[in-house]
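If you want the building blocks of each chain, they are given just below.
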Amino acid sequence: MSTTVEQPRQFCTLGGQQSVVAIERAIPIVHGGPGCSNKLFSGMAFFNGFQGSGYAGGNAVPGTNSCEKEIVFGGETRLREVIDGALKVMDGDLFVVLTGCTADLVGDDTATVVSEYRERGVPIVHASTGGFKGNNYRGHELVAEAIIDQYLQPAPKVIPNLVNVWSVLPYQDTFWAGNLQAIRQLLEGLGLQVNILFGHDSGGIEAWKKIPAAAFNIVLSPWTGVSIAEKLEQRFGTPYLHYPVLPIGAVETSRFLRSAGEFAHLQSTQVERYIEKQEAYFYHYLDRSADFFMEMRWDLPAQFINISDSFYSLGISRFLVNELGLKPGRQFITDNPPEIFLDGLVNQFATLADKVSAKVTFTHDGGEIAKTLRSEVFDQPPLVIGTSWDRDLAKQIGGYHLSIALPITDRLVLDRAYVGYAGGLRLVEDIYGAVLGTY
Amino acid sequence: MALVNLANSNIQTREQRLGSIIAYEGTAADLGQRSREGRLHDRTRSFTQVSSCASDCSICLLSLIQDAAVVNHAPLGCAADFSMFNLTNRYGQFKRGITPANAHLVSSNLTETDTIFGGIAKLEQAVRDARERFNPKAIFVTASCASAITGEDIDAASDALEIELGIPVVAVHCEGFRSKVWTTGFDVAYHAILRKIVKPPQTKHPEIVNIITFWGDDVFTELFSRLGLVANLIVPFANIERISRLSESGATVQMCSTLGTYLAAGLESLYGVPEVKAPPPYGLAGTDAWLRALGRVTHKETEVEELIASEHEAIAPELAELRKELKDLTGYVAAGSVHGHSLASVLRELGLNVAGSCFWHHDPKFDNQDPAADSLQHVVKTYGDFPVSICNKQSYEVVNQLRRFKPDVFIVRHPGMAVWGGKLGIPTFLVEDEHFGLAYRGLLRFGHKIADAVNNPSFYQHLAKHTRLPYTDWWLRQGSTAFLGAEE
Amino acid sequence: MTGIVQHPRHLCALGGQQSVAAIERAIPILHTGPGCGFKLHTGLGSYNGFQGGGYSGGATIVSTNTGEKEVVFGGESRLQSVIDGALKIMDGDLFVVLSGCTSELVGDDTEHIVAEYRRRGTPIVFAATGGFRGNNIIGHEIVANAIIDQLLEPRDIIPGLVNVWSSVPYHDTFWAGNLASIRELLAGLGLKANILFGPNSGGLEAWRKIPAAQFNLVLSSWTGVSIARNLNERFGTPWLHWPTLPIGGIETSRFLRRLQEFADVDTTIATSFIEEQERSFHYFFERAADFFLEFRWDMPSHFATIADSFYGIGVSRMLTNEFGLLPLHQFVTDDPPEEFHESIRDNYAQIAPGISSNISFTSDGEEINQVLRAVASSPPIILGSIWDRDIAKEVGGCYLSIASPMTDRLVTSCSYLGYNGGLRLIEDLYSSILTSIQ
Amino acid sequence: MTTEIQVTPKSVVRQEPGVTIRERRLGSITGYSGTPDELVKISLAGQLVERERSFTQAGTCSSFCATLQLSLIQDAVVINHAPAGCSGDFPMFNLYNRYGQGKRKLDQTSARLITTNLNEHDTIFGATGKLLEAIHKAYSTYHPRAIFVTASCTSGIIGEDLESTLDEAEEELGIPIASVSCEGFRSQVWATGWDAAYSAILRKIVRPAKIRRPESINIITFIGEDYFSELLRPLGLVPDLIVPFTKIEQLETVSEAGATAQMCSTLGTYFAAGLEKQYGVPEIKSPPPYGLTGTDMWLRELAHITGKDDIVEQFIAAERNAIEPELEKLKKRFAGVKAFVAAGPSHGHSSMEILQDLGMELVGSCMFHHDAKLDHGDPAGDTLRAATTGSGRMTYSVCNKQSFELVNLLRRLKPDLVIVRHPSLAVSVAKLGIPACFVDDEHLGLGYRGLIRYGKKIADWFRNPAIERNLSRHSALPYTRWWLEQQPFSMLGGEV
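The listed protein sequences correspond, in order, to chains L, W, S and X. For the working numbering, count along the first sequence from 1 and bump the result up by 5. For the working numbering, count along the second sequence from 1 and bump the result up by 81. For the working numbering, count along the third sequence from 1 and bump the result up by 31. Mapping of the fourth sequence onto the working numbering: position 484 corresponds to residue 469, and the numbering continues sequentially without gaps.
In isolation and in its complexed conformation, chain L is listed as follows:
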């Protein structure tokens, strides 16, 4: 998927800066060209649900803004200057130096520079995120791994029931803040102590220090974060549960909670009691609106098409198929999963439900997506669940459209969540709101 790309839906490894911004009181320091950080802020945080700067993002991000001089003579002195300044000017608990194309290409030894500061006791780490090295999903992992390798110390003892969660990407997932809060509530509902690490009230540096003390890690993600969990297993021997489906709606969420409960050796009665309560809530509303689903379905979109990363395309497909009984069209996966995960994903879509499967295309090139869909015939208006790029396409194929993935410029997103029981209801409201809103 390294072909040329029209209408990008993911960016470069330096996008990891947004994961730093998402850690409470953490300060990113970008050792790159003058515009990199701002472009990534605008692509991931602003023109993506208008999530905004937050505490130390946007224009507050310290950067070396490397120029001709740094390219020709190297940028290490410049970097030192900026770090010195940052330590004085920026009020933060953790500093993460991220390198961009310029620094990595001219071969600045950023690692050494940063380690010198660390030796002096400064809470600072370095992530080598030169843009050409991969996408920002990888960037997110690089940042986490950098903190783990360069900053964390083994814990004296394991805290039972403490779990670290590695799931949706801050800012890349427009609904990350709400989703992570939802995941926390779900796991707390089982009686676990949840280390959510990113976003409001996640504890900042103290939470990260607790990572090695966790009883286990949960990777609630098709692939992103697996490498983090593996690293933690190597360094601290922490076991991990990899659960690939983003849980949306009752069926999926209950499935997830059961396997989490099992992995954590929780009393199944305790797990079931919680699940029962949540399902009662969820199905009360599905029941109440059943009239609508059945009376309107004769003409509402029979077929849905996801154009989003593997988190959403898989999570939403399973939800719409297994809960609302909708019919999947072709599914597009845009986050460029590593080779080893592809078969697993294809298989997931092949077995969405008994008798129900979906074709998958891995691409993040709007041109290819458009070409593929234009060549298909739809007996009824399909539902296109994707990004703001896809509005035109949806129109062209006579379908309905909802933006749920980067970039989102037609919605403002605050604490909305699509994960969990309530998240499922929210998604249903939004999907049919988008449909009904057209007339």
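Keep in mind that the hints are not guaranteed to be accurate.
Stretch-level coverage of chain S by chain W, calculated; a stretch enters the list once three of its residues show a Cβ under 8 Å from a Cβ in chain W [unchecked claim]:
| # | segment |
| --- | --- |
| 1 | 38 to 44 |
| 2 | 81 to 90 |
| 3 | 116 to 124 |
| 4 | 216 to 224 |
Distance condition first, Cα-Cα at most 25 Å in a straight line; then the derived DSS-like pairs of lysine-lysine [stated by the list, open to error]:
| # | chain 1 | residue 1 | chain 2 | residue 2 |
| --- | --- | --- | --- | --- |
| 5 | L | 214 | L | 236 |
| 6 | L | 360 | W | 546 |
| 7 | S | 223 | L | 282 |
| 8 | L | 332 | W | 280 |
| 9 | W | 218 | W | 280 |
For the record, the hints were derived by calculation from the structure and aren't laboratory data. Glycine included, C-beta positions come from ideal geometry on N, C-alpha and C.
Got chain L; can you put chains W, S and X on it based on the hints?
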């Protein structure tokens, strides 16, 4: 007595005119025979649940006439379905490429004082306002239980306002309590149209065919153009001018005689516009017969035969596929009389068995008095007998039957009923577009719809698993007719 | 507001049937014409966010479907047979008989008949809700008062128990979500809310507990006041009336502080809860600030609400005090009784220091359109019902459905009440604006 | 020195791509703290020198400016030869495009943007192959009238030979394919990106004039609405807003216009001067038409060049009369209000004129860079001097949107209102509780009637600064107490 009496603003209810009933349990064959032999008697339910009323049916037709306005002379609650008609209007406009806009609906908002001192003044105000706000080509004044019981003279008021405003102002006597058969509301609405909108023919347009429909997609224009005929869908989304010239058309057809019986027969008896008398165009046999009857009336026999042949051939392979896929499935149909017969035909044509059915009412005959139009008889003759019950949307009876018949799929044509199939875990859908299964291609559309529903029943399964029915175990053990009284 | 109505936003007293359907395992029995019950389900239940029928609503609603015969000869025997059937067939804990235009106009003595059943120990009450008696908000009060008068007995007080009289079920499209939010807010102060309507509200048992409440909370501009007064007379329960929808950071905290005072909850508990909630609210507020500051140059700075006074004032206060918008003109559509007009006017007169709003009491579409045509000098934000989409377009404004009837949205558990409710409304409003410009 | 512009008789003849960066061409700087008078003086004297910051925050780069202009040409395609991250601003250009199309009643379509998505492998083995692939994809998908290829740090550093690749493709496809050298690292002054884009247009798009259209006036601008008609049509002139939302055909013939003006001299300096040098289209050199005096002077020069001297005076008088009453009201409204401007020159200078005409007191301002001179070299065009006659001693600083300096400065000056002209600065200002007015439509305050439009718009916000109030109560700034006690510009190094 002549069917249509233009001098009288009111008409007889279906009970009086056609001997219609709302309670029966037996088989299609028996029901048809009793009807033909005049041995059909209604039965009263001692227990009932909410149904619909004539006002509903009248307003839904009239409010979709694009340049008319409807004034509902009633307490505000009778306007509760305005928002539904409004969505039907906006959605229909959207599908027809018209910019969606609100329906022209006003309520005179009768209150306690009005019930004592009379509300005619408010009605007049409402009609004047409607004129000023929408500048309509006609205004329909629909009655209500309250206005009728307090004896409001809406006829006098309407006639006076008609002179004052210089546009037709038509009283529509659709008060809910007058008829237990809500489709009387269609007749009343059409009577209003015949009385004050339709004009005697200036010229004749033999090629134009009136098609009495609801709001379904236009599947006719293309079909008819291949016969050299022009489809004229009425009355929803038509305008007053077009409706005023219905008398000039070459023929009138309907997709459902329950809907159009009065208008079709009225146009024939008043202006000699021949009504095409045939079973409705659903299922192969029905469509063939319907087209041939149309061909005879419009002298297009040869074109019709060509059309039939080519369409049969065009759908044959896909139809065979579908029949294979749907083989051995059983269906249950719940719909308004004749359209219910049509849905039964479609199911049988697709190879499903009709395990049971429930029609909201039954007309033993139609206003045209012609057995050729006997849709029930047609189904029985073509596809064989099947269980039938007549029940005016009593969900407790339907639930009871569904649990007994356990169909694989539940097909409904009326809001509020579908959910009960779902709550029992039965794949269910509502056919809001009455043309969905119409003619040859409709069979295929419909077949795929059923396949989709049965191939992924997850929604219904979850619903059934997590919902509770509001009925006692006692009731669910009874026969569904337990509350039917003796024949009257 | 007894004038003629184009674009009705509230219906007739018989709409109280929806409040019955909202009580868990309660069964409405209508003594009315054949179409009434389903029409009202259509207008309040389905074509209003497609909330649906639920357990005992929609097509299951029991009804006598009075016809010519009953109108001429009276419908009492018919009513009896239908009640008999209902008791056998419908699996419910509470039965509420509601009379409509027909039975009341022909003068059936429904009250007497129902009383007979009650004497025999059936949990059944009668509510006189003839359509012409008033709108469905009154109908809601009539139903509640009927149950209170005909069924409830005095009980020992349970400290911290609070009966909540707020959103009118189904008519407020977001009632279920809103009531759930109220429950959570009260729990935050350590109070136990007796919500009475909607999921997990406890049904008949919860209603029997009403006399045991420490106090009644009327969280509404006027609806429910008559209920609280009634309860005060019968059981001496004190009551707090808070007329403004608590939505967003400022309004919700204002409400919680007053509640804390009235219920005299420990200040430290209340304060820590409020602060925690505000922190989370402002995390998102801060993030969205870039958007508001950088886009308002071309976004409407004035807004109009076309909704009941509860929503109208709450939303106005949030948009003005929290998001820096200015009120254009507000329309009060819920036909408040005369005695409340002044307090409602006052409330709108002091939305913020030095900022007030003109208001009209009307639910007539055309009247609203004319005012808006006159006052909208620049494109405004319009928050109203589906009826108002066209005028919003006409005056070049931005539009969001927040009031009944609502056919452009599907509503399940969505709530516009409390801290999160504020975030939700802002998300929905600005998303609809952003969608409309591209 | 205006000789920077490559002059040739016919633009079809190939010219060297790229432009000399502003630091060298115009002596531009990004660090300064002092007063307007002093800055004007040393700039004129050619004594202006850059002062570097030891600590900096994320800025913006040329690539952003270049792509913004080019991606809004309706029948062109922009290919960004870069890693995917450099396309972080694509969604923004897309929104600008759709939004602008909506306002101009055009079909709303997505912006035509492609990235070559460079990866590690490409940095080692080169990526001209991918570039060609992108060009072919662009051509087959959109059949554009021209293709612009914007460079990036990566493509620049690994030394991709764009020119020869593009020439091949141009031969093959027969449409102009222009390289745009907007590598971020080449200049600290991101405005260099405008120059790079315009030079590409001058080189490859603009054709020698076949006819003359004296009544047509090129207006170099961003995305603002067409308020220029208010000023030009009464004089019998027709504004031709370029480059956003034009088509290639329209750009080919800008050489036929009667004159070139701009809404901001920083934006169009290279383009305007180029058109004059290359095709003799005269440039309106006086400061852009904002504020009463500014507009007067601009109109007079425009009239002079286009031979409308006879009617201009009465038009000026009439317009000034027309707005008088409302202007007085607004002046009362804003009397005594202390204002601050944070924007790029020279539009920032224009905003300063507007605020003063609205009766506010300027307590300071901060511009994102400073050009010692403009390409036309004429001191008469000095927008800073024009804007600060009378307020020449206020606090004036140059800082490439370093929010840590701005916040520090504002805490000292305590203005009542701040005008902000660059994304994501507004919130830092608002966190101090100061009304932050972000006006994205750069034409809003244009000419005489613009004063009223502008005044009314910010009056609404000024009346109810609730967002700012709430932010200041609940949201922290990411700066240490230590820093807020330092002098705002203590991080500015010595002169280099």
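**Request:** Apply the coverage criterion to the segment 38 to 44 of chain S and chain W: a residue qualifies when its Cβ sits closer than 8 Å to a Cβ of the chain, and three qualifying residues are needed.
**Result:** Since three or more residues must qualify, the claim that chain W covers the segment 38 to 44 of chain S holds, with 6 doing so at under 8 Å.
**Message:** Hinted pair, alpha-carbon criterion (25 Å max): residue 332 (chain L), residue 280 (chain W). Please report holds or violated.
**Reply:** Violated. Residue 332 (chain L) to residue 280 (chain W) sits at ~50 Å, over the 25 Å cutoff.
**Coverage of the segment 116 to 124 of chain S by chain W (three or more Cβ within 8 Å)** = holds (count 7)
**Asked** Count the residues of the segment 216 to 224 of chain S with a beta-carbon closer than 8 Å to any beta-carbon of chain W: does the count reach three?
**Response** Not satisfied, violated; 0 residues make the cut.
**Coverage claim, chain W over the segment 81 to 90 of chain S, checked by counting residues with Cβ within 8 Å (three needed)** = holds (count 6)
**Item:** Hinted pair residue 223 (chain S) and residue 282 (chain L), Cα distance within 25 Å
**Value:** With a Cα-Cα distance of about 19 Å, the restraint between residue 223 (chain S) and residue 282 (chain L) holds, given a limit of 25 Å.
**Request:** Starting from residue 214 (chain L), check that the Cα of residue 236 (chain L) is at most 25 Å away, please.
**Result:** OK: residue 214 (chain L) and residue 236 (chain L) at ~15 Å, within 25 Å.
**Pair hint outcome, residue 360 (chain L) versus residue 546 (chain W) [Cα-Cα no greater than 25 Å]** = It holds: about 21 Å lies between the C-alpha atoms, which stays within 25 Å.
**Proposed proximity, residue 280 (chain W) with residue 218 (chain W) (alpha carbon, max 25 Å)** = Answer holds: residue 218 (chain W) to residue 280 (chain W) is near 14 Å, not above 25 Å.
The structure fails to meet hints 4 and 8 from the earlier list, while all remaining hints are met.
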